[in-house]
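**Q** This is what each chain is made of:
There are 2 protein chains.
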Amino acid sequence: MTLPEDPVTIIWDTMLKQLPNNHPEKELQRFYNLLRDYPLRQGKGLRGKLVLLSTAAHGGSWREGVRAAAALELFQNWVLIHDDIEDGSERRRGSPTLHKKAGIPLAINAGDALHVYMWQLLLSNKGEPCSRKSAVLEEFLYMIHRTAEGQHLDLSWVEQERFDIGEEDYLQMVTLKTSWYTIISPLRLGAFCAGTAASDVFVAAGEELGAAFQIRDDVLNLQKTPTYGKEFAGDLYEGKRTLILAHFFAHAREKEASEVRRFLLLPRHEKSEAGIRMILAYLEAHGSIRYAQGVAERKLTSGLEQLATTLGSLTNQAAAGELARLLESLVHRQE
Amino acid sequence: MTLPEDPVTIIWDTMLKQLPNNHPEKELQRFYNLLRDYPLRQGKGLRGKLVLLSTAAHGGSWREGVRAAAALELFQNWVLIHDDIEDGSERRRGSPTLHKKAGIPLAINAGDALHVYMWQLLLSNKGEPCSRKSAVLEEFLYMIHRTAEGQHLDLSWVEQERFDIGEEDYLQMVTLKTSWYTIISPLRLGAFCAGTAASDVFVAAGEELGAAFQIRDDVLNLQKTPTYGKEFAGDLYEGKRTLILAHFFAHAREKEASEVRRFLLLPRHEKSEAGIRMILAYLEAHGSIRYAQGVAERKLTSGLEQLATTLGSLTNQAAAGELARLLESLVHRQE
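The listed protein sequences correspond, in order, to chains A and B. Basically the working numbering = 1-based index in the first sequence + 196. Basically the working numbering = 1-based index in the second sequence + 196.
Read the hints as simulated data drawn from the structure, not as lab findings. Treat the hints with caution; some may be incorrect.
If chains are identical, the list can't say which one is meant, so a pair holds when it fits in one copy or spans any two.
Unchecked claim - Straight line, CA to CA, 30 Å or less: simulated BS3-like cross-link-like pairs of lysine-lysine: (1) K329 / K296; (2) K451 / K240; (3) K436 / K222; (4) K451 / K467; (5) K240 / K213; (6) K420 / K213; (7) K420 / K436; (8) K297 / K436; (9) K329 / K222; (10) K451 / K296; (11) K213 / K436.
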């Protein structure tokens, strides 16, 4: 058995056990409830699962990866609270975002507290060998720095009303914002948790796979999928610069481009559904969504090819095979 | 010599050295500049100085406390970025707040990144004995949790438009929000950095001294002091619940109280200077600012009395004396 039957539940339980639960005072109980709000909306757990599979593939027991996997999912939870504020997002995992429920000030503060519980989880387990723990901690430091840099680029383009974002710019941004915490670090953390070194190939391959994942995310956002937890076309309401828009602006006639620019610059509450339909029709006419999905698939293929030899040489081939299959599913997922 | 001639500069240099400086890309260079923005507006360094004095008083060399002192000042810097957003503050250390300069989304993200550099500073120094490092890390975890809980209470009262906040409520809130990171943890960190245990008395005494510090902060906010870095009467513009207001509401006639409540509930941009002058006149008439300053002074005396025996028994009496004098100055400071 490479993984337990329900690995995501085990990861989630480990995360939730780390969070405070009961406070005798009503208002501080509410604070604890805010901390547990996103974690209780259980996510897909993809990144945590990658950590466990990578740990097993590198010859460890999946149990040795649980703490890092739970901390990584905790990372995503606090980051999402802040991202949702930064992007002005309204829905997350099928419910209103935290700041829509509690207001921006309380939500920023709850995200900060959750961030600290992530470090607490990483710093617990005193029995762990010092060298292994320190590799995991350093990976988190590096990973969060890259994620914040990518997030800065993404936000700065909206803030500066920039529409000159080409494919190269987009790919640099998502490599920082998404690839590290979604693919590269999970693969590396698995190696560290198994007590071994991480292959250099994880970085280059993970950059491609992470970009593929993010592009698929952007594509899903513009398709009406019943299991999708975020707001349909939220990226257009939030004015995000995606590969889809980069393709559109590179191919649109000036009149079309200026209509779309004007719409994207509107404050969110002035954006009409008719405007969204107009943009979707333009994107359809230029094949921009299809183009993006194609790039995602090519990046998937290229990333997997780069990984093949390394994965083929790992200790536990059953786990390495499961890992490859999970990565393959990234660009065809429906949620 | 218990401390170097300019301890705050040494603390600040250690902090700044931890932050990224140069990036070849213009937009990521701007990101780094945002991270360095508050740190470059050098603060008073009170908390860092307390760590160094406590380290020396406990028989250590002040140098052993520099890392924890710098991390504590870094803590304050990232927290202030987020607090200023949460409170809607406009000025900090004599300049516009970070979100006034860069917008809320980029400022939240910069605060998160700075938070991670704080952990990086604490986790560096691989030569340090494991037990000492772990005591320092645990202190930071505990301290930040308490600070976030106090911040939650403070923000929730504004959010819920509550005016039934009594002296007890206020003191519980500031003990969490201010006392831990301003007094209790600096004293405890000094002991840990000197390789010894912290006296239990630091908690009870530090609660009083921290409350005294925060009450003095609230008093300063309503006095026109030339060296004050924040906005005059900012607490009234932001509708903060202070001990001063608690005293006022406990003594005001209903007509006065309802006028003040109405003003405090206005959105910030509708608050006039005439309204501020009206409130200040009421506070003067009821002696509310004077009352608060009196509470601060009594808490200072009580906190110092509780500390006296412990401070008198520490290894380095010159440093312990300096420490006591620095604590004494907390409620008469002008900035």
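**Q** List in ascending order the numbers of the hints, as given earlier, that are violated by the structure.
**A** 1, 2, 6, 9, 10 and 11
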